[in-house]
Structure formats: structure tokens, C-alpha cells
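All chains should be modelled from the sequences, with the hints used to inform the complete structure.
2 protein chains.
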Amino acid sequence: MLNINFKRLNGRLQELSEVGRTSEGGSRRLALTDADKAGRDLVQRWMIDLGLEVSIDKIGNIFAVLKGSANKKPIMMGSHIDTVGNGGHLDGCLGVLGGLEVIETYIENGKIPEHDLAVAIFTNEEGARFQPDMMGSLIHAHGLSLEDAYQTISNDGKKLKEELERIGYLGDMECGTIIPHAFIELHIEQGPILEKENIKIGAVENVQGISWTSVTIKGQANHAGTTPMSMRCDAGYAAALLTVRVRQIAEEIGGVHVGTVGVINPKPNLINVVAGDVKLTVDLRNVDEEKLKQSEKLFEDALSDIAELEGVEISTETLARFEPVKFDDRVACVITQAANELGLSNKRMNSGAGHDAQMMARICPTAMIFVPSRDGISHNPKEHTDEHYLKSGAEVLLKTVQKIDGGTVL
Amino acid sequence: MLNINFKRLNGRLQELSEVGRTSEGGSRRLALTDADKAGRDLVQRWMIDLGLEVSIDKIGNIFAVLKGSANKKPIMMGSHIDTVGNGGHLDGCLGVLGGLEVIETYIENGKIPEHDLAVAIFTNEEGARFQPDMMGSLIHAHGLSLEDAYQTISNDGKKLKEELERIGYLGDMECGTIIPHAFIELHIEQGPILEKENIKIGAVENVQGISWTSVTIKGQANHAGTTPMSMRCDAGYAAALLTVRVRQIAEEIGGVHVGTVGVINPKPNLINVVAGDVKLTVDLRNVDEEKLKQSEKLFEDALSDIAELEGVEISTETLARFEPVKFDDRVACVITQAANELGLSNKRMNSGAGHDAQMMARICPTAMIFVPSRDGISHNPKEHTDEHYLKSGAEVLLKTVQKIDGGTVL
Chain A
974 MLNINFKRLN
984 GRLQELSEVG
994 RTSEGGSRRL
1004 ALTDADKAGR
1014 DLVQRWMIDL
1024 GLEVSIDKIG
1034 NIFAVLKGSA
1044 NKKPIMMGSH
1054 IDTVGNGGHL
1064 DGCLGVLGGL
1074 EVIETYIENG
1084 KIPEHDLAVA
1094 IFTNEEGARF
1104 QPDMMGSLIH
1114 AHGLSLEDAY
1124 QTISNDGKKL
1134 KEELERIGYL
1144 GDMECGTIIP
1154 HAFIELHIEQ
1164 GPILEKENIK
1174 IGAVENVQGI
1184 SWTSVTIKGQ
1194 ANHAGTTPMS
1204 MRCDAGYAAA
1214 LLTVRVRQIA
1224 EEIGGVHVGT
1234 VGVINPKPNL
1244 INVVAGDVKL
1254 TVDLRNVDEE
1264 KLKQSEKLFE
1274 DALSDIAELE
1284 GVEISTETLA
1294 RFEPVKFDDR
1304 VACVITQAAN
1314 ELGLSNKRMN
1324 SGAGHDAQMM
1334 ARICPTAMIF
1344 VPSRDGISHN
1354 PKEHTDEHYL
1364 KSGAEVLLKT
1374 VQKIDGGTVL
Chain B
974 MLNINFKRLN
984 GRLQELSEVG
994 RTSEGGSRRL
1004 ALTDADKAGR
1014 DLVQRWMIDL
1024 GLEVSIDKIG
1034 NIFAVLKGSA
1044 NKKPIMMGSH
1054 IDTVGNGGHL
1064 DGCLGVLGGL
1074 EVIETYIENG
1084 KIPEHDLAVA
1094 IFTNEEGARF
1104 QPDMMGSLIH
1114 AHGLSLEDAY
1124 QTISNDGKKL
1134 KEELERIGYL
1144 GDMECGTIIP
1154 HAFIELHIEQ
1164 GPILEKENIK
1174 IGAVENVQGI
1184 SWTSVTIKGQ
1194 ANHAGTTPMS
1204 MRCDAGYAAA
1214 LLTVRVRQIA
1224 EEIGGVHVGT
1234 VGVINPKPNL
1244 INVVAGDVKL
1254 TVDLRNVDEE
1264 KLKQSEKLFE
1274 DALSDIAELE
1284 GVEISTETLA
1294 RFEPVKFDDR
1304 VACVITQAAN
1314 ELGLSNKRMN
1324 SGAGHDAQMM
1334 ARICPTAMIF
1344 VPSRDGISHN
1354 PKEHTDEHYL
1364 KSGAEVLLKT
1374 VQKIDGGTVL
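For the record, the sequence lines run as chains A and B.
If you read the first sequence in our numbering, its first letter stands for residue 974, the second for the next number, and so on.
If you read the second sequence in our numbering, its first letter stands for residue 974, the second for the next number, and so on.
Some hints here could point you the wrong way.
One copy or two, it doesn't matter: identical chains are merged, so the pair holds either way.
[What the hints assert, rightly or not] Pairs of lysine-lysine, DSS-like flavour, derived with a Cα cap of 25 Å: (1) K1240 - K1252; (2) K1191 - K1252; (3) K1240 - K1191; (4) K1252 - K1355.
Honestly, the hints are just simulated from the structure, not real lab data.
Here you go:
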């Protein structure tokens, strides 16, 4: 029986976390910055030291492959190592280094798999510096053209292709070359469900669809003391009504539906002036496309109702719209079996966040393994998962790979 | 019959508006800045050129006096000439230059009043650079000690006394020396009521009481995709509920009550994060102290209800609390009579904004004359009042002064 070396895995997580460490103890390795390069260099050295065959494609995705005995399509693991501006140490890195640990476990035990085993580092999953997010996996799955991606300008005004070249990760392998037999991404949940329910492993079967809208409300900025209530066109009040309505819609749709107004920017934002303009954002998510559409319809109805009620003009812009992704049920079942065999409590669940796995699901059987996040916190230096959970997650990843390599039908 | 020279008055308004003009066409003469000094120098020169006796007190208030024939206490006019960061040309200046025009009308007609006539420029009415606002008139009315005012630090880190000295307006007259027979402040309405009702003159009989509260809501910042609705402590949603409740309270109290949430600052203010903290402000106003208290009570009840409902912590800080001010009914009646005699439509009304007159009301019979503001806009380069309204306002000011000087009993 193979066992992962958790001390080694944890040591690598720690070492990578030192690259781009922030004063608050977080990680800052924004895509294609010097810190991202340093992180890539570090992990690539570990890959090469293990004797893996490393390829870099034209969008900077890194693939490390252990050849199997039967020349079968690779079972691929992996995730990303770029971070948000002040993120945690586990988001993405656990999937990459967990995958590397699985491969090293095979190697040090002299065990040769039938399938090739691969671990991928996808470029720019976070989308914090270059948009869209999940860019490397999206291009790998033919969802975005390389030329379009190359023209992308970062928040700090740099062209993506030049940044890739500058940090030495503009590879020559064509994008989408490696089509896996299956893709499994180990990741922290980034939500509170596993912790609250005291469950160790999530077998992720869906990724929520996302509908992001920017809303601009134009009212009339007026003196808060001299403008009678009946003469107001208060963009701040309209924004409040809309925020309350987004919550009501979530309650009406029910189930796993979530709706959030996260950004509110009123102008002039003064104590004694009725807000003349408000910009806000609405984030609606559901795993069921029909329900997501239903929530969008209710939201649109609310816009016109509120515009009429308060005498404001409301315009919207769609910032992002992704349909829900259904992962491969067979892969999710293998994950469940693996957890059960290891005696780890587990549940089938949805991902509320986006992940590279949802892009890979377009080209091969895919699912994800979640481990609990303390307080559900992520994209924050406080992001934390207890070590025994990290270990369990890597063990489930190893066993899942073994089962698939052993012939579980996909 | 005396008549004001509107062309002269309007010319002075224009000339003063050139001092500290902003790129958007507004006025920027923040209290005790170089621009404020330049404005003061200009108006003081006009006062001196008219042969008025000019005194400056220890808080920089400027008083110009025309001696009357009977050595009676002065009938005082005036207002302020400091502005907000990008304000209009009329707010304050109309009251000062209108008062100066009334005095010049007496002089050029060789008419000597029984009472002294005075025009005042009060220091720092706006409170945009040094707090509190209405500072000069407040000190004149013994509502704030000079020593406390001297220690005030501006938003840009300067001590008030040093700034007074630096611009040459630290006078030597004791504050509160001149106690008027009556005080009349001509001002733009800064609200929409006169315009909407097509009325030329407001005889202002009350100033609303003001209750300003800063509210801090602490919830839990969480991922908008991964946090089920049932597990949220959403400070943004709580802020929206509170904003809606402030409107409901205004409707419940009714009448002239106004309630406004003007500032909303959520953190982290990201599209995909449930707001963990929100700071907002609540502005409640009523001319009736009991009703203002009632609205404060309803507001406090709402805080605890919402805190419990959403599982957030809410704390508050009182930023300002002024009881309503009742002006002198006799002075307001004289204004009404003056407008009627001039054939100008008029109404008794409240002031929703604060004015130097409300401080002067503590020490002498006081009322205000309002003229319409286009779209109710003020504190903005778009602030505008048609010239014929400005002229009417100055005419009513002159006639009101004549009536009081003529012996209307106060």
C-alpha cells in the first residue's frame, strides 16, 4: 500500500508560501510577476529533481509527466500557484503540490503506473492581474484563443505576452497538446460547509454557474436637509432596495442559490447629500442553469420596479456569465469510494468558486476533492486548513489516482 | 423710495466668484486658506471704500458698520464667504453682498438710518476645513470658547489660530461685542421647495434640528460563492435594511421630517465577497424636537432588530446633534410684509440646512430670507439662482431693514 509523505508535502507548501510573502503573512504571487516566476522556478526545480518530463506551453502552463508502463493517456492532477494580492498559502498550491506528492510517492516506492501521471500548473487562475481568470486552463480546453490572451493588458498596464516572455515562461508547446484520461483537482473548499458539518472530504460534483452584473443607478444628488422626502430620487435608497431584493430572490429560489451585493460605491458619499449615483455589483450563483436564469429574471424585474418607484435610472452591464459545470459522476464516485476506504467522512457537494477543473471538464472526465477551510475564509492571509485535513486530502487524491489507474471504468 | 442697484450687487457677486474659481467653474475658498484671505481682502476693500467702520474680532469675524442717527443698536445683515471644496458662488456671498448693497443704497441716497446698520462676514460657516461649522457665529453667540476654537486642527493638519494669524485676520475685538437689534440673513434656499412651488421669497421661521450618526456594522467577510445564505452575517445586507428603515421612519414621522443615508463604505467592497464591515451615516432632521427624538428612538430600535436578524454587531457614534431653532416670529412677519408690499409671492418655511442666523438667534431677534435654488442644488458648481430672484431677495432685505429701522416693534 502506498502512503504519501505528509511531512514532505507540508514542507513544500511552507517553502512555496515564503515566495511573495506579505507583511500580513499572506501570499502575493500575482500572475506573471517576479514573485510568480520565483514560485514557478521553485516548483519546476522539484519536478525536474524528480526526473519528470517538464513541458511549458505557449500560455505558460507547466506540465510535469511521469511515464507509465502502458503508454496510456495521463491521469492529470494539478491546479495553480498564482495568488490574489494578499491571499492564502493553500489556494491552488495544495492541488499542485498534492499532485507532485502523489507522483513522488509512486517513484519512491518503485511503483510504475500504467497510465502516465501528470501534474499541471495552470497560468493565471486568479484573474487578479490579467482577466479573465482560469485563463491557462481555459486556453488548454480551447475556450479562449491564444492571440486574444496575448493582447490582454494587466491592471498595471503590461501586455500578457511580454510579461510571459519577461519571466521566461513563454513555452513552445502548443496549447491543448496533453489530453488527460482524467483530471482531479485537490483544493481547499474556500467555504464553510465541510467545517460546519464536520466532514473531512468533499467529492465535488458541480461548479455553480455565475452571473455577475454591474449596476449603475442615476438619481439626483441633493441636500439631505432641504430636499423633502417626496422630491427625492435617491440612488442610495434604490441601491438598498435592490440589495434587499437580491436577498429575497435567494430565499425565493431556495436550495443552494446564493446572491450577493458585494460592491457599493455611492457618490458623492457625503453625510448631508442624498446619493446622486451608486455603482454596485450583483453576484448570483446556482448549480442549476434554469434556476440561475430564473433568478436573473427576478433581478431584472426588480430593477424596473425600483427605477419606477424612486424615479432613478438604472443601467446594467454583464461582467461575467458562466453556466454551471457538471463534473463527471464516475470520477466523483471514485473519490467517494477512496474516502470511504480510508475511513474519512465525506459528502458530494458543489463548488461555489471557479476552478481550473471546470475548464478541464470540457475535455476529459473531471472532478475535485475538497478539504475544509477554517471559517470558510480564503483569498486572505487567514486562510487555513488543519494539517490532518491536508493529509487526508492528499491521501484521497493518491487513492483516487490508483483506482483510476487500476482500471475503474471512465 | 430706496432701490437697490442690482447691477452693482451682481457685479460684486461675479467679482467675488472669480476668487478661488475651480476648473469646474465652482468656488473654492475653504476657511482661512489663501483664497479665503483673498475673498476677505476684496470684500473688506469694498466696505472701507464705502466709508464703513470695519472691525475684526478674535475669531476673524468681520463687521462693517454704518453709523445711524440715533445711536441705536445695529440692524445686522450678513452671512459668510467661505465655501466648500467645490461650491457655488451664492451660498453665503449673497447674504454678505446683499447686506453691503442695502447699506450702499442708504449711503448713495443720502438716507441716514436711525439704527446703525451692520453687515457681518462670519468665519468658517461651512466647516469643510475646520470643524464645527458655523464657527464664527457660534463663538459670537457664546456657544463655543475661543480657546477651544483656536486649538482646532484642519483637515490638512493646520492649527486654526495659526491660520487666522497667517492670513492676517486674527483681529483684536472681543468676540460677541456687537449685539444687534435684529439679524436678517439673505440666503439661497439650497433646496427645491420655492422653485417647485413657483414662489419667489421664503420667510424662514425655523431651522431644522439635526441628528447625525455614524454607524459601524461588523459582520463576517466571506466568499460570495461558497457561503450558503443561511451562514451569512452580511454587513452590506444589514446596511441596506437600515437604509430602507430610515426611509420608512421618515414616512412614519411624516410632515417635514427627512432621513438620509448619504455615506456607505463597505469592506472589502469586492464583487465576490460578502461585506464584512460597513460604515454608513444617518442624517435625521425635523423642526420639532419631539419628533426628532421620536425618529431617533425608532432608528435605535431598528439597529437592534437588524443586528439580531442578520447576526451582525452594530455600534454608533453621534457626529452632531442640534435642536431645532425657532426664529423670531416678528422678524419673519416683517419679511412677509416686505415681500407682500413688493408684490412678491412668498411663504413661511423652514431651513433644512444650518446657517449663521441660527447662532445669531441665540442673542437677538433673527430670521432669514430665502430665494429659490435651481433644482435645489447647492455645494456644487451647478448652484444657480436666476438674477431676478437675487434682485427680489435683496429688495426684500432692504425693505425689511427699512421697516425695522422705521420702528416695527421687535
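- Are the CA atoms of K1252 and K1355 at most 25 Å apart within a copy, between copies, both, or neither? between (29 Å within a copy, 22 Å between copies)
- Task: With 25 Å as the alpha-carbon cut-off, assign the pair K1240 and K1191 to within, between, both or neither.
- Result: both (10 Å within a copy, 23 Å between copies)
- Indicate which option fits the pair K1191, K1252 if close means a Cα-Cα distance not exceeding 25 Å: within, between, both or neither. both (9 Å within a copy, 22 Å between copies)
- Query: With identical chains treated as interchangeable, where does the CA-CA distance between K1240 and K1252 reach 25 Å or less: within a copy, between copies, both, or neither?
  - Reply: Close inside one copy (9 Å) and across copies (15 Å); limit 25 Å.
Hint violations for this structure: none, all hints satisfied.
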